[in-house]
Structure formats: structure tokens, C-alpha cells
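Listed in order, the protein sequences are those of chains A and B. Here my numbering is used: the first residue of the first sequence is 17, the next is one more, and so on. Here my numbering is used: the first residue of the second sequence is 54, the next is one more, and so on.
Think of the hints as simulated: they come from the structure by calculation, not from any bench. Please note that the accuracy of each hint is not assured.
[As the list claims (entries may be wrong)] Derived SDA-like pairs: lysine to any residue, alpha-carbon spacing no greater than 25 Å straight-line:
id	chain 1	residue 1	chain 2	residue 2
1	A	K73	A	D40
2	A	K33	A	A104
3	B	K145	A	G67
4	A	K27	B	V137
5	A	K27	A	G44
6	B	K145	B	S104
7	A	K73	B	R144
8	B	K145	A	E60
9	A	K73	B	S79
10	A	K31	A	S78
11	B	K145	A	R38
12	B	K145	B	P92
13	A	K73	B	L66
14	A	K27	B	P92
15	A	K33	A	G75
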Amino acid sequence: GAGVSQSPSNKVTEKGKDVELRCDPISGHTALYWYRQSLGQGLEFLIYFQGNSAPDKSGLPSDRFSAERTGGSVSTLTIQRTQQEDSAVYLCASSFMPQGSGNTIYFGEGSWLTVV
Amino acid sequence: GIQVEQSPPDLILQEGANSTLRCNFSDSVNNLQWFHQNPWGQLINLFYIPSGTKQNGRLSATTVATERYSLLYISSSQTTDSGVYFCAVERKETSGSRLTFGEGTQLTVNP
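Generate coordinates for the entire structure from the input sequences, incorporating the hints supplied.
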């Protein structure tokens with residue numbers, strides 16, 4: 017697609033429910049990133065994919081969070097047993113190559129998650 | 054981990070004014086980027102600038118890697134420049150896996 021596409025754009029869920037957030041990166045981009053942004057805060061790194069593998073998942077805040085990427089393309093971030101502190105905007109980004117090589121990183125518009 | 058501090062946290066300008074935003078970081082980096090987040094939340098990459106100076110229209114950026122800071126200059130500001138400006142860095146020891154973001158500078162440009 018033309019840009020990084022995320023769905024749903026907005027999600028309200030009850031505490032304790034599971035949610036899945038989807039990211040469709042720019043076609044041909046090998047690197048994919050998930051970040052989280054709480055209200056009025058900077059971005060917090062969650063996980064990085066190179067192809068289908070996740071060499072760095074150290075930012076996942078707890079074992080309730082998991083992510084996968086299939087076919088070197090679409091990625092799904094799953095939050096199990098959601099808590100109110102999980103409320104945030106979840107941003108996906110992709111780049112042609114890993115960031116260290118200076119390739120521009122493109123962000124999606126985010127999935128706004130509210131846990132009530 | 055690496056620390057990224059941005060200043061000022063908030064800035065209010067009249068249209069046409071110039072401004073300088075600062076980013077200090079606590080360790081050697083091989084990657085530094087500036088982003089603009091518009092009022093609707095969309096993040097746009099402005100500069101990839103681990104060292105040196107770059108210019109793009111009314112925006113320019115300078116990074117002095119040896120002194121661990123970067124500056125973003127906005128000249129002749131316009132209302133569309135409003136939003137949050139983030140600096141993000143990656144440590145030299147890592148390899149493309151993550152950017153650490155500062156808390157951002159909230160810029161408001163009034164007509």
C-alpha cells in the first residue's frame with residue numbers, strides 16, 4: 017500500500033478482554049516496529065521485526081503482550097487480559113532496512129486503545 | 054539505557070517567528086532522527102541526522118555528535134508547523150532495532 021496501515025483505528029475494550037491490533041507495512045519494507053504512546057508522552061519501543069523474526073522484543077512490558085509477523089508483511093500485536101494501564105496509542109512503523117542504516121522510518125496513524 | 058532530553062517542553066510562537074529546539078542525549082549514537090507529530094497524531098520523519106547539518110525548506114537541523122546534542126531550527130514559522138517535535142536516537146552498540154524517543158517539544162504557532 018501507499019503507507020503503513022493500522023487497524024482498528026479505535027478500540028474500546030473491557031478490562032480482562034484480549035485485543036488484536038494489526039499492522040500492514042509498506043510493501044517491500046523488511047523492518048517493522050511497534051511503539052506505544054501514552055497520552056502526552058513520548059514513544060515507547062515495544063518490538064522489532066526483521067522479516068518474520070523478532071531479534072528485539074525487549075520492550076514488551078509483560079507476558080500479556082505478544083506479536084507476530086507472517087510472510088514478511090502483516091504483523092499482529094496481541095494484548096491478553098487487558099488492563100487499564102494498557103490504554104494508549106499503539107503505533108506501527110516500517111522501513112526498507114533496519115534503522116541503523118539511516119533508512120527513513122514511516123509510521124502508521126496508530127490504533128487508539130481504551131480499556132474500561 | 055540512553056537518555057534523551059528535549060527542550061523546551063512547550064513553545065508558543067507568533068506566525069513568522071523563528072525557533073530553535075534542542076535535543077541532548079547521554080551516549081554515543083549512530084542514528085538520530087527528528088519527527089513532527091501533527092495534531093491528528095501522524096508522525097512524519099523530518100531529518101535523519103546522526104551528525105552534521107541538513108536543510109529542508111524552512112527547517113534545518115544540526116547534530117554535534119561529539120557533544121551529544123542536536124538542534125532543530127524552524128524559520129518563518131507557520132500555523133501548520135504546530136504539533137509535537139520529537140528527537141529519537143539509537144545507541145552505537147545496537148543494530149537497527151530501536152529508537153529511543155525524547156518527551157517532545159509541543160509547538161503552538163498562532164496566526
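Checked hints:
1. A:K73 with A:D40: 19 Å, holds
2. A:K33 with A:A104: Holds. K33 of chain A to A104 of chain A sits at ~16 Å (cutoff 25 Å).
3. B:K145 with A:G67: 22 Å, holds
4. A:K27 with B:V137: Holds, because 24 Å separates the two Cα atoms, which is no more than 25 Å.
5. A:K27 with A:G44: 28 Å, violated
6. B:K145 with B:S104: Between K145 of chain B and S104 of chain B the Cα gap is close to 13 Å, so the pair holds against 25 Å.
7. A:K73 with B:R144: 17 Å, holds
8. B:K145 with A:E60: Measuring from Cα to Cα gives roughly 19 Å; hence the hint holds.
9. A:K73 with B:S79: 23 Å, holds
10. A:K31 with A:S78: Between K31 of chain A and S78 of chain A the Cα gap is close to 16 Å, so the pair holds against 25 Å.
11. B:K145 with A:R38: 31 Å, violated
12. B:K145 with B:P92: 32 Å, violated
13. A:K73 with B:L66: Distance of about 40 Å is beyond 25 Å: violated.
14. A:K27 with B:P92: At roughly 20 Å apart (the allowed maximum being 25 Å), P92 of chain B and K27 of chain A satisfy the hint.
15. A:K33 with A:G75: 22 Å, holds
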